[in-house]
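K.L.:
In case you want the letters, here they are:
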Amino acid sequence: MSPMKPGDVIFDVTRPGASRAQLAAFSLGTEDPNPIHVDEAFAKSAGFPTVLQQGPMTTAHLGAFLAEKFGVRLKSLDVTFTAPVFPGEALRLVAKVESVGAEIVCALAVSKPDGTPSARGTAVIVAAGAAA
Amino acid sequence: MPAQIGGMNMHLEGKVYPPYRLRPDRGLAARMHEGQGLPAPAAVPATYFIFLRGETRGVDLFADLDIPRTKALHAGQRYEWFQPIGWDDEVEVTARIAKLAAKEGKGGKLWFADIEYEYRLLPARTLALREVTRLVKRG
Chain A
1 MSPMKPGDVI FDVTRPGASR AQLAAFSLGT EDPNPIHVDE AFAKSAGFPT
51 VLQQGPMTTA HLGAFLAEKF GVRLKSLDVT FTAPVFPGEA LRLVAKVESV
101 GAEIVCALAV SKPDGTPSAR GTAVIVAAGA AA
Chain B
1001 MPAQIGGMNM HLEGKVYPPY RLRPDRGLAA RMHEGQGLPA PAAVPATYFI
1051 FLRGETRGVD LFADLDIPRT KALHAGQRYE WFQPIGWDDE VEVTARIAKL
1101 AAKEGKGGKL WFADIEYEYR LLPARTLALR EVTRLVKRG
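Going line by line, the protein sequences match chains A and B. Everything in the first sequence is counted per the working numbering, starting at 1 for the first residue and increasing by one. Everything in the second sequence is counted per the working numbering, starting at 1001 for the first residue and increasing by one.
Rather than coming from a laboratory, the hints here were simulated on the basis of the structure.
Facing chain A, a subset of chain B residues (Cβ under 8 Å, in silico):
(1) Ala1029
(2) Gly1035
(3) Gly1037
(4) Leu1038
(5) Pro1045
(6) Ala1046
(7) Leu1052
(8) Glu1055
(9) Thr1056
(10) Arg1069
(11) Thr1070
(12) His1074
(13) Tyr1079
(14) Glu1080
(15) Trp1081
(16) Pro1084
The structure displayed is predicted, hence computed values, not measured ones. Just so it is clear, CB atoms sit at the ideal spot from N, CA and C, and this is done for glycine as well.
Work out the full structure, taking the sequences as your base and the hints as a guide.
P.N.:
In structure tokens, the structure reads:
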């Protein structure tokens, strides 16, 4: 594998929109008791048009792609949620190399089909051959 | 300084909850992946360990910080990995209310809570993972 350099795209992928059943499964799997992800009336009472996709699902998507590519070299993942995601909204996830040294720092961007950013973040990976 | 400023129990900053123990559960991990549209995972998912699992194990943040679910938002997460955690591992989890802050947002007042979780592999109590989650209460 050739060395990474700033600007390299690590991944640029789109996850299909999650169904309500998938949101319910994710809530069960993460032991999330918040009804806002599964209860339409509750979500509306909180001021949203419908149920919300879990922010940690975005984190889990990013974590899965990064862990698949880098394994235990993945040292940290920092994600800020910037807009709600609703059922059926696909997410584009992009990771780009920001800097390279003993650690590789990647900028993460997540956006909805209309281009609205829904999350941003940073991942740090130990460079190949560097001591962890 | 008042203990509570407009709705979040600010005096709880620094509170450390009694530790609880967790083992990764293949069934729960499979449901998590089902939610993501992925097949059941071979290894413990990177973000399997998550603050939410503490809610039924004594870390009742929403009640303690007075964050009604209808006013709660999740602002972000940070994971920092130190050691891999396998299916057969057991971890001890300690949660700490690391930082509480009130800010004036465009739509009114907001309260932020940063909660830090440390996951230590048993029996040696080796630090394996640190997770910080940021919760927001809308005014």
